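Asks: The lines below spell out each chain.
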Amino acid sequence: MQWLENLTSALPARRDDEPTDLRGKIVSELRDHLLCAYQRELMLTGNETEAVRRVVAKFGDPSAIARRLWLDALKEKIMSQRIMVALSIAMTVACIAMAFAIWRVSERSAEATVAIVRETWEANQALVKMLERAVQERPERESQDWVRLKFHLLKDVSNGSPAAGYRVILADGHDANATKIGLDLSAGSDGFIDAGLLKPAAYFCEVLAPWGEHMSLHIYLRAGTAEQTEVIVCPGEPTPPARFSFAVSWPEDLREMPLGLMCDIAYLSRDIGGRQWEANPGGQNEHIIVAANGDILRSRHGWGDVLNAGSDGRKKIEFKQVESTPGPTIKATGKRLQFAVRGIVILTADPDLTDRYRWYVRDPEGEDAFVSTVIDLHSEEPNELKILLSDECVSNVRKTLDLHKAVRRSGGTP
Amino acid sequence: MDSRLLCGMVDTLILEVISSGPTYGYEIVQTVLTRSKGYFEITEGSLYPALHRLERQKFLEAFWKEADGRDRKYYKLTPAGKAGLAAKRREWNQFAAGVRGVLGGLARS
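Taken in sequence, the protein lines are chains A and B. Terminal number for the first sequence in numbering that gives the first Met the number 0: 413, no gaps in between. Terminal number for the second sequence in numbering that gives the first Met the number 0: 108, no gaps in between.
For the record, the hints were derived by calculation from the structure and aren't laboratory data. Please read these numbers as outputs of a predicted model, since none were measured by experiment.
Partial pick of chain A residues on the chain B-facing surface, computed with a CB cut under 7 Å:
| no. | residue |
| --- | --- |
| 1 | Ser27 |
| 2 | Asp31 |
| 3 | His32 |
| 4 | Cys35 |
| 5 | Phe58 |
| 6 | Ile64 |
| 7 | Arg67 |
| 8 | Asp71 |
Straight-line C-alpha distance at most 30 Å; calculated DSBU-like pairs for lysine-lysine:
| no. | chain 1 | residue 1 | chain 2 | residue 2 |
| --- | --- | --- | --- | --- |
| 9 | A | Lys24 | B | Lys64 |
| 10 | A | Lys76 | B | Lys72 |
| 11 | A | Lys24 | B | Lys57 |
| 12 | A | Lys76 | B | Lys81 |
| 13 | A | Lys24 | B | Lys75 |
| 14 | A | Lys76 | B | Lys64 |
| 15 | A | Lys57 | B | Lys75 |
| 16 | B | Lys57 | A | Lys74 |
| 17 | B | Lys72 | A | Lys74 |
| 18 | B | Lys72 | A | Lys57 |
| 19 | A | Lys74 | B | Lys75 |
For every residue, glycine included, the Cβ atom is placed at its ideal position computed from N, Cα and C.
One chain only, chain A, in its complex shape:
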């Protein structure tokens, strides 16, 4: 009976959670019912075909009943499964929605963070600008503790060109020896030197031209001033060299003698911009010896070196200091001059002076005995420095020479 066999195939596909004997029991129960009905109808009609037709007509669709029973049996599991699936889908959707919400929140949070950082940066920038303005607008009186010292070095005149390369040596004190800070600075191409921040005080300052000419000044930094600029007019060019010769009035009988006149030359200072610039490097005078025959011998040593180099242990000759007076000329007098012949000294004119200064003559009164002579350094003509030996000086020289000869004849030392 094919219509009975179709019951099994009418059921839905087997489920994993389906009891193994479920569909078999359903089919068996319905088959038993149909067979019972078939046997009854067959007994009533005696015709198998009619019996089947009547059973099917009365029973209805066995497959539909079988599917319904199967579904009823698994309804709870199916519903549970559907509920689980629905819950899973709902959870998935909820998770996705939550993730999206978190992403949106984090995105907004990031945007908010960026906005906060931007606002903070803008606020900081505004604060920095405000502080910069405050610093720029701060009155000078607020600088109580430190003063910025600047130098502006110019050539020849106050509105001259920048004195680039000129140096400034700054010392903390009243003279160069009291150096504590010892700043040695060079002017830039604009002639400016920034010495930095210094405490209000007195400072000793020395300005040097590239060729060694220098000028000293004191600077007083005033408290309550933020910045102080010292404008210094410097010599633009060095003093041109001057040519001059000596004309010493040696007596005729002494000109052939190995004698010399010891001279001390001090360079002049000159006025530049109201300040005195010194030309002698290091403040040292130059020493020359004018021989009796007119030769000029330069000493590489100071007076003391020359005169103390003897082996006889004699007392060195005393000299007076040259007194300086400002002026563009050199005068060949003693006390008032920059170029001077001081301490009347007669030496041998032997180039090897270190051990041959046997004879010397000095003015008994210790005074200079020469007339003044003026030399114009700006003259292109050779200058002649005339030195007139006084009679007294010549007399002393002769006495010294006679004494020296007498000593030598007696075999002693002068």
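Please build the complex by placing chain B on the supplied structure of chain A, with the hints as guidance.
Replies: Using the frame of chain A, we list chain B on its own:
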């Protein structure tokens, strides 16, 4: 007969038939048909879903037994099924009394 009148009574009729002793689906249909003198004919489409529902509700207990050379599923009442049948009987009696009272009044008038 209006099938809607039988719809609410299927469970009661099934429990009543089974209360007489263990029986199976086809016999239940025939018993109801016989006892009602052919008035109530429960279709298989209503019978088996009802049997299975009462079984899941623990009103019925099923067991298999071989008969006519094949397995046959029998049903019998459980204690819960007996209590449920008693409740349905009371309910029916009250319902029938009410219906009779109304219908009797109408008949007298």
